[in-house]
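Asks: In case you want the letters, here they are:
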Amino acid sequence: MKASLIILSFFAVGLLLGICRIFPVQWLEFEFSFYVLCALMFSVGFSIGHQPQTVKQFKNIPIRIVFLPLTTIVGTLAGAFVVVFLTNHSASDVLAVASGMGYYSLSSILITQYKGIELGTIALLANIFREVLALLLAPFLVKYFGKLAPIAAGGATTMDTTFPGIVRYSGKEFSIVSIYHGFITDLSVPFLVTLSCSLL
Amino acid sequence: MYTVLLFIILGIFTGFQFRNQKITFVNKVITVLIWLLLFLLGTEVGLNDQVVTNFHVLGFEAFLIALFATFGSVIGAWLLWRKVK
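Line by line, the protein sequences give chains A and B. Okay, so the first sequence: first residue is 1 according to our numbering, each after it adds one. Okay, so the second sequence: first residue is 1 according to our numbering, each after it adds one.
Simulated from the structure, these hints should not be mistaken for laboratory data. If you're wondering where the values come from, they're calculated on a predicted model, not measured in any experiment. It is possible that some hints are incorrect.
What the hints assert, rightly or not - The calculated DMTMM-like cross-link candidates involving lysine to aspartate or glutamate, where the alpha carbons are at most 20 Å apart (straight line), are:
| # | chain 1 | residue 1 | chain 2 | residue 2 |
| --- | --- | --- | --- | --- |
| 1 | A | Lys115 | B | Asp49 |
| 2 | B | Lys28 | A | Glu173 |
| 3 | B | Lys85 | A | Glu173 |
| 4 | B | Lys83 | A | Asp160 |
| 5 | A | Lys143 | A | Glu173 |
As the list claims (entries may be wrong) - Each pair of labels, with its calculated beta carbon distance range:
| # | chain 1 | residue 1 | chain 2 | residue 2 | range |
| --- | --- | --- | --- | --- | --- |
| 6 | A | Cys20 | B | Ile23 | 22 to 30 Å |
| 7 | B | Lys85 | A | Asn60 | 14 to 22 Å |
| 8 | A | Ala12 | B | Gln17 | 23 to 31 Å |
| 9 | B | Asn27 | A | Ser9 | 15 to 23 Å |
| 10 | A | Ala91 | B | Leu10 | 29 to 37 Å |
To be verified - Residues on chain A that point at chain B, a partial pick, calculated with CB under 8 Å:
| # | residue |
| --- | --- |
| 11 | Lys56 |
| 12 | Gln57 |
| 13 | Asn60 |
| 14 | Ile61 |
| 15 | Val82 |
| 16 | Leu86 |
| 17 | Ser90 |
| 18 | Leu125 |
| 19 | Ala126 |
| 20 | Pro139 |
| 21 | Gly155 |
| 22 | Gly165 |
Beta carbons are placed, not taken as given, at the ideal position from N, Cα and C, and that holds for glycine.
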């Protein structure tokens, strides 16, 4: 929670400096953020490749539950697809935003890079909303949709920000599942976002 | 577009090469880069009058996508849960 607030305050400070024109408009022509993004992607990749111990723990997960990240991804994209009919956005736009899976920092940056600042802003907000929904709805979801539901709702955040809530409402026995789900879903975000953005 | 994916794949291989060494600073690097990028994203949003004035519309669309995406994933998990239980 604290980490999310720090991230968002960096955004808020940038936003204010931008609105007040403390940064000149020419700032935008400078491709600095692309290079920082490449450095970020390399580091994210490094941290994924560097944790074989985490992956070893996943051996004990029941075979059917192994499919949970897949149902989350398919369910997320299918659910979001409905929004194509409710707004003027293309399927590519909507699916790209939904592919963020709650990982708002990475998805908003990627989508801004690929599709522009307007959709990037939607991605930032939508994925923050998803995280908040997952946090708030956890007890309700367990009650009506079973113990896997809060994990699915949390998307890519189930190994960090929404993890404590999931352990509390679904039970301690779901902590490995929650980490596994977050790990796989998190990993899928850059690929799904890029793929969705390249749809016509 | 695919340059970015190339970097993540390169990172995975490099990380795997160093798997037997204890490297903890990567997560700090990620955190700082995310701070920097979100700050830059903020300035970019702030400098764009169209985005600033339409913020409520973008917010509403974002909420719709979040709601349907979350609900879809929950249905997926519910179907799986009925098989597992």
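Asks: Which of the listed hints are broken here?
Replies: 2, 4, 6, 8, 11, 12, 13, 14, 17, 20 and 22
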